[in-house]
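Modelling step: build the complete structure from the supplied sequences, incorporating the hints.
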Amino acid sequence: MMHKLLFILICCSAFIRAETPDGFALPQAGRAFHFPRDHGSHPEFRTEWWYVTGHLDAADGRRFGFQVTFFRQASAKNGVHFHLAHCALSDAKGKTFTHEERLNREGWDAAASTSALDVRNGNWSLRMDGEELHLSSTIHAEIELTLNLKPTKPLVVFGKDGVSRKGAAPGAASHYLTWPRLDARGTVRAGAASHTVKGEAWMDHEFSSSQLDEGQVGWDWAAIQLHDQTEIMVYRMRRADGSADTAGTTLAWIDAKGGVRHLDSTQFSWTPLATWTSAQTKARYPVSARIEAEGRAFVLRPLIDDQELRGDVTGLSYWEGACDVLDAKGEVIGRAFLELAGYAGDLGRHLKAR
Amino acid sequence: MSVLLVSDLTRRFDARPILRGVSMSMRRGERVALLGPSGCGKTTLLNCIGGLDRADTGTVLVNGRDIGRMSSDELAAARRAELGSVFQFFHLLPTMTAFENVELPLKLLGIGKAERHERVLRLLDRVGVRHRGDALPAQLSGGEMQRVAVARAVIHRPALLLADEPTGNLDSKSGAQALALIREVSEETGAAVLLVTHSEEAARTCHRVLRMRDGALLE
Amino acid sequence: MMRDVLIILRQCALRHWRLAWRQQVMLLTILALGTAVHVAMRLANRSALAGFVRFSDGITRDSDWTVRADAGALKMEWLREMRVALGSRPVTLLPVIEATVVPHIADAAGSVNARPIWRLVGMDLIALQNLARKPLQQDATAAPNDTVYVSDAMARRQGWSVGEKIALVIDDRIAQVTLGGVMPVAPDMPSPPDHLLLMDLPRAQELLRRADEIDRVEVLATAGAAFPNLRADVGTVLTTVAQGRWRVLDHEDRRAVADNMTSAFRLNLTILSLLALLVGGYLTFQALDGVVIRRREEIAILRTMGVTERAVKRAFLIEAALLGVCAGVIGVALGWLAAQGAVLAVARTMTTLYGASSATFAELHPAEAAAGIALCVLTSLVAAWWPARMAAATMPAAVLSRHPSSWQGGRIWRAGWIGLLLCVVAITLAQFPPLRWNGSRVPLGAYAAALLWLPGAGLAAGALLRVFRGARGAVLSVAFSHLRRPSVRHRFAVAALVSAIAMTCGMAIMIASFDHTMRGWITRAMRADIYLSSAGAQSASSTHVISSETVEAIRKDPRIAELAALLETRVTLPGGQVHVLGIDNAFAQRHELHAWVREPPRDWWLAGDAALINESLGTRLELDTGSTIALPSPRGEQTFRVVGVYADYGNERGSVAIPQPRFRVLFGKDDAWRVAVMLKPGAEAEAVRAGIQKAHPGLSVFTQAHLRGEALRIFQQTFAVTYALEGVGVIVAVAGLGLALASLMLDRRADLMTLRAIGFAPRDVAATCAWEGAGIALAGVIAGIASGVWLGWLLIVKVNKQAFGWTLSFALPWGQLIALGCAILLVGAIIAAFVGRWAAKLPVEQEA
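Protein chains in written order, with my numbering: chain A, 2 to 355; chain B, 6 to 224; chain C, 1020 to 1867.
A couple of the hints might just be wrong.
Derived DEER-like restraints, expressed as beta-carbon distance ranges [as the list claims (entries may be wrong)]: (1) C:Leu1150 <-> A:Arg291: 34 to 44 angstroms; (2) A:Gly346 <-> C:Ala1230: 35 to 45 angstroms; (3) A:Thr188 <-> C:Leu1397: 57 to 67 angstroms; (4) B:Ala143 <-> C:Arg1538: 56 to 66 angstroms.
Subject to a maximum C-alpha distance of 16 angstroms in a straight line, what follows is the list of computed EDC-like cross-link-like pairs (lysine to aspartate or glutamate) [what the hints assert, rightly or not]: (5) A:Lys283 <-> A:Asp307; (6) A:Lys151 <-> A:Glu201; (7) C:Lys1860 <-> B:Asp58; (8) A:Lys330 <-> A:Glu293; (9) C:Lys1860 <-> B:Asp78.
Since the hints were made in silico from the structure, they are not lab data.
Since we're looking at a predicted model, the values are computed, not measured.
C-beta: ideal position from N, C-alpha, C; glycine also.
As structure tokens, this is what we get:
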């Protein structure tokens, strides 16, 4: 999704073109996707990411949430591509959250294939081999994550005619491809202990050339996997006054077979329930929320309050964490990943300033 | 004329008076004993006369010349020519032989080698230690050392011989011999002798006895 | 017992410290001086090494491993291989490209080493941000292509501001870079060295025209709980996949390389530092001995009151230890100060030798300070041991009943045979072959010989004093009488002088021999009329070349008869990097450029596997004609047969020469390292030089005469610091002489009074002392120069040959030695006269 373009972004201009003023492609309605090529990189677009989040259970009952993200971002100024990557692990039992940020220029140590899913950044990698994805990453030599991911539901393309809108401006859109449910198996090495884990993951692959629209300062996003094998993807772009930009707000239902239904901002609500304030960044995140749509309510409750990624390299902070999903009666009916961006400073302005 | 004329000599160390107006005189060939308890100022008086110390007031005339007004060079010259010293601890130069010790004053006077040899040997013979001429002081007995010391003190025929407790460090036999030697040498060379001593017996070998107490002469 | 000791300390020692404070201050100063010299030498020594290590480390922190190619450069594509081999291990690989650069100064082409040498380091500034908490403020990729970053200190020193255009000589080109900003300083990182220009890696590669090459990879492998043995593991993996292409070095290896390179220089410093210690020991002994003399009577009185010998001895040793602590603290501080000066000299030498200019600051570690103080205390205790024993053994009766005769010292010190024995042992040790260790050779036997020789010759030299006899004047006969029967103090004063003079002479001889040999070699090796190199090539380690196009362009000059290029690359062999030279054999033979240690057959170069080596490489790796040598190359390892050995005083690292065609095939390089030009008859060298210089401002162009002069000038500069250190040794020794005399005079106060009673004027007393001092100095000079000649022989024939593999011809700088002798005699006599004047004024003792 519109996960963090924590990097040099420039707001789009307001005229309709198939490319940005500096020559990057814009999402086109009706684009035909070809695989495995379209799992790979699209350097004609300015920004692209492969975003894996998920929930893992060890045999002894330990529960982990993980996030591994590979970004590609073209520098507006000289066409150099940067590869930013994040890796985070939440340990529900230990109440710990560990993360690492990494930035490299495209080249020998960071690259994304343009023919298939094969991205890497230092010793972190994600590649697809037949029907299976292999994910490998580490956090500061303290944690190693090795997972095999197998889609259990078909690939979903969000948005209308293959274009997912983030704002009113014509360029504020992306191509947004998702495996809403992958079977995850592998090992989590946390310190000296090694855990065999299995669980479910979610993977976004999104590419675009301009994301934040004028006046937007951040966004809230969630990927909800319900026990009934249906999923919800929801986001709302926020303005400075805290209100949602209706042009950039969507809730998508994915049914058990992979069919998608989009609701607009009038058809659902997002109500913050509790906040948590980061001691380091002083940012106040609404880490718990109630989402209501079509008569159903979903309460997102974080496993740990502190799941804030504090950018060691870029200096941009956001909150991204594993949550339980509860229904109106308080029963756990699924698991989710919640993303809260733009709370530690105005993201839009910060990005423009770069 | 007096060989030595001391008049109204005073000397203080810090505030403590050591000599309080000492006056005395000595004639040529005269032997004078200076008796007194320890710390009465005998050695200070001797040092002032020998030019090793300077008095605060008063004059010391040796052969009519004022020791106190001399420059250090003149003083050294006066000592070379007019004075001889004998000490309780002999003060022979340890790295020089008996012969060399006795020869040294003659060297200072620039006397030629042949004459030096002759005079030193003669004097060593006279004081009875000629056979020990090549010995270092450490190899000599106390009596022998004092003989060599006396020889060194008179080799240049001084007008005044200052002897500071010359027997103080000798057994009585050697002491008596040393005193006899000093008397004989004095008689032979006509040197006046100022003998500082504790010993009444030693004092009896002199013509005259001066007694000193608390920095003043008792007459 | 302890109470007695305390009473002695309080009643005697402290009172003395208070009453005779001038003497105590002097004693402290002496002890402190000895310590200071030692500490200064140590610091200068360490800082020389540190400067070098820091220089070679560049701005990377202590990385866990460094990967370097065995021959030539690393290829960018190998990085990917390393990453794949490392799998999921969390390792940071930092590729680095580097080159020495010098600022372009339009009219400064005339002299070598006239410009500062900087190091241009290319690193991935993006990846670097993953390590530094505080990234460069600018977006490195958005900055103009020629942006460099420097330390704040360098920017300030050069007076640069952001946006400054800086002209650099790179190879034979002049390139302009722009100052983008200063490097940030993170609190937990050492500040960046101030000779460094940092550039983004791809841009540096572009600027240096080495697009796909890097010089090294710094590997950071910080172990964590999930990867406990990461560092060792990574070393193994990288070594396994190297397949002869690269070498994985850890910090120790890098240090060893630096050690090896600076060993010649450090040897000088180490020997001199030991000398300082030795002389410091003499000084302390003399000073403490003086203390014992002054307190003898007191001790005697205490002994009569029932204080035991042991208590007296213990009190003395405790006092010595206290003195040692105080003096140690002062000495360490003084040494630190002195080192700051020495470091500058050292840095200059390092620049000349290795191009590693880095204004290092001699830092003092607590451990080192403690070691310095401990050394001072130890020296003080050792030096006090004998005086303390003497004090304790003083028979009260002897002191109190009659005036003490001056102390002659223990019999053992008066025995000349000990000195002679040490000398014989030294001569025997000098015959031992060097110790081979890890590809380098340590002439341990020769070092030990040098160390034993100094005190040995010094102690034996005491016998020389006995020749002083028979003098006409009273003054001289008194002076000579002391020399003829020298006390331990006399002997020690002579020994200290002999050690210092011998050392100085040895050094002077070594330098003269170097000089002589170098001149001969330079005359032989520098026969061409004009020499060219990149203006950036200011040191032996510089990486600058002249492109083959430039060489060809110069060749077209009609005044040039012949032109020969020397190709060069570096390969790693056991014990360090070695130059591989591609030589124009016809040219070398025609002009007889090589001075042969082993001459090859005329047609040696026809054989494909024939190579020449220089002498130092031959010595280091035990190679001679007939041996084989395996050289790594980008085309794999190649084995060569050694057919000849040539003398080469240009580098101690070693070099291998092979014919140019073979070199080009193996190393794929055609750029010239040096170019020699022969002119047609009648061509004016200076005019041609000026013409080439004008056409190629990035080159350094030298005429033969000029280059010869420069070579010798650099050589002199290299040894400048040695001269300075020699001076320290001589000053300390002469100071020792003054002290010894002062002790003697104190000891002899009663005799001085006797002399005055006999009729010595103060002037005569002073003259006696002056003559005595002059006599000691003369004995020291004669024995010192004599033993210095042997020491010089040892340094040249044994140490140099064994350690660096240089055969030097022995040259005696007679004029210099005589001047040195005269200077010491003069200074010694002047100091002695001063001491004499002081002694003559000592107050007359009150007789009983």
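Verification of the supplied hints:
no., hint, result
1, C:Leu1150 <-> A:Arg291: 34 to 44 angstroms, "holds, 43 angstroms"
2, A:Gly346 <-> C:Ala1230: 35 to 45 angstroms, "holds, 40 angstroms"
3, A:Thr188 <-> C:Leu1397: 57 to 67 angstroms, "holds, 59 angstroms"
4, B:Ala143 <-> C:Arg1538: 56 to 66 angstroms, "holds, 58 angstroms"
5, A:Lys283 <-> A:Asp307, "holds, 12 angstroms"
6, A:Lys151 <-> A:Glu201, "holds, 9 angstroms"
7, C:Lys1860 <-> B:Asp58, "holds, 12 angstroms"
8, A:Lys330 <-> A:Glu293, "holds, 14 angstroms"
9, C:Lys1860 <-> B:Asp78, "holds, 14 angstroms"
Going down the numbered hints, you'll see the structure goes against none, and every one checks out.
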